[in-house]
Amino acid sequence: EVQVLESGGGLVQPGNSLKLSCATSGFTFSTAWMYWYRQFPEKRLEWVARIKAKSNNYATDYTESVKGRFTISRDDSKSSIYLQMNNLKEEDTAIYYCAYYFDYWGQGVMVTVSS
Amino acid sequence: DVVMTQTPPSLSVAIGQSVSISCKSSQSLVYSDGKTYLHWLLQSPGQSPKLLIYQVSNLGSGVPDRFSGTGSQKDFTLKISRVEAEDLGVYYCVQATHFPLTFGSGTKLEIK
Numbered sequence: 001e002v003q004v005l006e007s008g009g010g011l012v013q014p015g016n017s018l019k020l021s022c023a024t025s026g027f028t029f030s031t032a033w034m035y036w037y038r039q040f041p042e043k044r045l046e047w048v049a050r051i052k053a054k055s056n057n058y059a060t061d062y063t064e065s066v067k068g069r070f071t072i073s074r075d076d077s078k079s080s081i082y083l084q085m086n087n088l089k090e091e092d093t094a095i096y097y098c099a100y101y102f103d104y105w106g107q108g109v110m111v112t113v114s115s
Numbered sequence: 001d002v003v004m005t006q007t008p009p010s011l012s013v014a015i016g017q018s019v020s021i022s023c024k025s026s027q028s029l030v031y032s033d034g035k036t037y038l039h040w041l042l043q044s045p046g047q048s049p050k051l052l053i054y055q056v057s058n059l060g061s062g063v064p065d066r067f068s069g070t071g072s073q074k075d076f077t078l079k080i081s082r083v084e085a086e087d088l089g090v091y092y093c094v095q096a097t098h099f100p101l102t103f104g105s106g107t108k109l110e111i112k
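Heads up: the sequence lines are chains A and B, in that order. Going by my numbering, the first sequence opens with residue 1, and the numbers climb by one from there. Going by my numbering, the second sequence opens with residue 1, and the numbers climb by one from there.
If we strip away everything but chain A, and leave its shape as in the complex, we get:
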């Protein structure tokens, strides 16, 4: 059974940092391209970041609004990915989902940026 479990969300003030984690099991993680998506309070979905597999040199991509602030990474030995979020803004407030492409999604973790 595939499992995807995010953790690390919470309430932070603007300008602060937060790191999300995503632990997975049940599929071949080492070759999987992994994604972070987010869903804003108005329910709009947005792709946030992607990290490719080792065979693709762990290449990363980001949506424009988070470039330079967010960093996606992975640890194949733990079948996990991470999202380091720095200089958070109120408009980053959303539910963050970790996913294997669109096939398997986690339950999501809430990130609230507010003073």
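Don't read these hints as lab results, they were simulated from the structure. Glycine included, C-beta positions come from ideal geometry on N, C-alpha and C. Don't take every hint at face value.
Claimed, not checked - FRET-style restraints, in silico, Cβ to Cβ:
hint	chain 1	residue 1	chain 2	residue 2	range
1	B	GLN73	A	LEU11	17 to 27 Å
2	B	ASP33	A	THR60	16 to 26 Å
3	B	TYR31	A	THR60	15 to 25 Å
4	A	GLU42	B	GLN73	21 to 31 Å
5	A	SER73	B	SER81	38 to 48 Å
6	A	GLN3	B	GLY16	34 to 44 Å
Claimed, not checked - Derived PhoX-like pairs: lysine-lysine, alpha-carbon spacing no greater than 20 Å straight-line:
hint	chain 1	residue 1	chain 2	residue 2
7	B	LYS112	B	LYS50
8	B	LYS108	A	LYS43
9	B	LYS24	B	LYS79
10	A	LYS89	A	LYS67
11	B	LYS112	B	LYS74
12	B	LYS35	A	LYS43
Stated by the list, open to error - Sample of chain B residues facing chain A (criterion: CB under 10 Å; computed from the structure):
hint	residue
13	ASP1
14	THR5
15	SER32
16	LEU41
17	GLN43
18	LYS50
19	SER61
20	PRO64
21	GLY71
22	PHE99
23	SER105
24	LYS108
With chain A held as given, fit chain B onto it using these hints.
Frame of chain A, contents of chain B only:
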């Protein structure tokens, strides 16, 4: 960025009826490999999104064949035949042909 326009924004249907949801993209979604990376997701109330249909017309794992997807280039349709109560939720189309990946705004399906 590719803009995904979904219509209608909401639907209210009776059990057993059929419905269609439209998704139009601002650019062709045919990738250089000849495949079309247009997918449909369903987000049931309180749940995370689930893959329903991938690459226009292929059913996701465990998805009943009451769901079907058609279309090409820039014009796509999701059809649900014989709607059941469990089908309620928000349906999203998403394109993965062009970066960044972009989603439609969603269609909320309610049961009468």
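The hints, checked one at a time:
1. At about 44 Å, the beta-carbon gap between GLN73/B and LEU11/A misses the expected band of 17 to 27 Å.
2. The supplied range of 16 to 26 Å is met by ASP33/B and THR60/A, whose beta-carbon atoms lie about 22 Å from each other.
3. The hinted range of 15 to 25 Å is satisfied by TYR31/B and THR60/A, whose Cβ atoms lie roughly 21 Å apart.
4. Between GLU42/A and GLN73/B the beta carbon distance is about 29 Å. The supplied range of 21 to 31 Å therefore holds.
5. Checked against the hint of 38 to 48 Å, the pair SER73/A and SER81/B passes, with Cβ atoms roughly 44 Å apart.
6. Judged by the Cβ atoms, the range 34 to 44 Å given for GLN3/A and GLY16/B holds: they are separated by roughly 35 Å.
7. Among the hinted pairs, LYS112/B with LYS50/B is inconsistent with the structure: their alpha-carbon atoms are about 23 Å apart, more than 20 Å.
8. With a CA separation close to 11 Å, the supplied pair LYS108/B and LYS43/A stays within the 20 Å bound.
9. At roughly 15 Å between alpha-carbon atoms, LYS24/B and LYS79/B fall within 20 Å of each other, so this suggested pair holds.
10. With a CA separation close to 13 Å, the supplied pair LYS89/A and LYS67/A stays within the 20 Å bound.
11. Proposed proximity of LYS112/B and LYS74/B is contradicted: the alpha carbons are some 31 Å apart, above 20 Å.
12. About 29 Å separates the Cα atoms of LYS35/B and LYS43/A, which puts this hinted pair outside 20 Å; it is violated.
13. The restraint placing ASP1/B at the interface with chain A holds, with a minimum CB-CB distance near 9 Å, inside the 10 Å limit.
14. Interface restraint check: THR5/B against chain A, minimum CB-CB distance 14 Å, threshold 10 Å, status violated.
15. For SER32/B, the shortest C-beta to C-beta distance to chain A is roughly 17 Å, which exceeds 10 Å, and the interface hint is violated.
16. Against a cut-off of 10 Å between C-beta atoms, the interface hint on LEU41/B holds, since the closest Cβ of chain A lies about 7 Å away.
17. Given the 10 Å rule on beta carbons, the hint for GLN43/B holds: about 8 Å separates it from the nearest Cβ of chain A.
18. For LYS50/B, the interface hint holds, since its Cβ comes within 10 Å of a Cβ in chain A; the closest pair sits about 7 Å apart.
19. With a cut of 10 Å, the hint placing SER61/B at the interface with chain A holds, because the nearest CB-to-CB distance is about 8 Å.
20. For PRO64/B, the interface hint is violated, the least distance from its beta-carbon to any beta-carbon of chain A being 18 Å, above 10 Å.
21. For GLY71/B, the interface hint is violated, the least distance from its beta-carbon to any beta-carbon of chain A being 17 Å, above 10 Å.
22. Nearest Cβ of chain A to the Cβ of PHE99/B: about 6 Å, under the 10 Å cut. The hint holds.
23. Restraint check, SER105/B versus chain A: the minimum CB separation of about 7 Å is within 10 Å; hint holds.
24. Among the interface hints, the one on LYS108/B holds; its C-beta lies about 9 Å from the nearest C-beta in chain A, closer than the 10 Å criterion.
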